[in-house]
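Those sequence lines, one after another, are chains C and L. Position in the first sequence (from 1) plus 307 gives the number in our numbering. Position in the second sequence (from 1) plus 1320 gives the number in our numbering.
No lab work stands behind these hints: they were computed from the structure. Here a beta-carbon is modelled for each residue, glycine too, at the ideal position from N, C-alpha and C. Please note: incorrect hints may appear among the correct ones.
[Unchecked claim] Restraint-style ranges between C-beta atoms, simulated for each label pair:
id	chain 1	residue 1	chain 2	residue 2	range
1	L	1340	C	351	25 to 31 Å
2	L	1387	C	325	47 to 53 Å
3	L	1370	C	327	31 to 37 Å
4	C	348	L	1323	39 to 45 Å
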Amino acid sequence: DSGVTQTPKHLITATGQRVTLRCSPRSGDLSVYWYQQSLDQGLQFLIQYYNGEERAKGNILERFSAQQFPDLHSELNLSSLELGDSALYFCASSVTGMGTEAFFGQGTRLTVV
Amino acid sequence: TQLLEQSPQFLSIQEGENLTVYCNSSSVFSSLQWDRQEPGEGPVLLVTVVTGGEVKKLKRLTFQFGDARKDSSLHITAAQPGDTGLYLCVSGGTSYGKLTFGQGTILTVHP
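One chain only, chain C, in its complex shape (with noise of 0.2 Å):
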């Protein structure tokens, strides 16, 4: 167990919804990244955070956006979802957002049919 638990596990929606994915990082860690992984890719960075601020972007889509919130949990919020954002999403966590180690959560699975 990493210390990062992401809700939920699987999530099934239609074309067209949102959907918002949760994580709480490990207790002590200030940074949280979230990641976007597809069927058979490598994990591709979308944003991270920092203490609740904004830190660094990756390739991520204007239909998608993400806070961290006060008490250092993050959503990520995806809209106007198509069949092409089926993927697993992955947060992590580390103390510090450089430099230092980071823990996986164990994904959220969404399937947009």
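With chain C held as given, fit chain L onto it using these hints.
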């Protein structure tokens, strides 16, 4: 931007054999972690190396960090089918931003 070169990309071996996976960087690592990922699961941290020349052991797994902190290796002794999975070297970098991943090594250990 730091690049991580991981090799080999694929390894298919018999149970009981030894193997080594390498991770090389274009620049000095601040720290490096090795993760193992199974299909449909999140990467699981195996070990983090920070100090040049550091050697860490985790049962049959030995991790080395190069003296110059630009390379690392993972050695598995007497591999078992349960070692099968994707092994990733991962660097956190020296500034905010994405984690940097090696390309991964897909290890298959046949009984």
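Cross-check of the supplied hints:
| no. | hint | result |
| --- | --- | --- |
| 1 | L/1340 to C/351: 25 to 31 Å | 28 Å, holds |
| 2 | L/1387 to C/325: 47 to 53 Å | 51 Å, holds |
| 3 | L/1370 to C/327: 31 to 37 Å | 36 Å, holds |
| 4 | C/348 to L/1323: 39 to 45 Å | 18 Å, violated |
Violation of the numbered hints given earlier is confined to hint 4; every other hint is satisfied by the structure.
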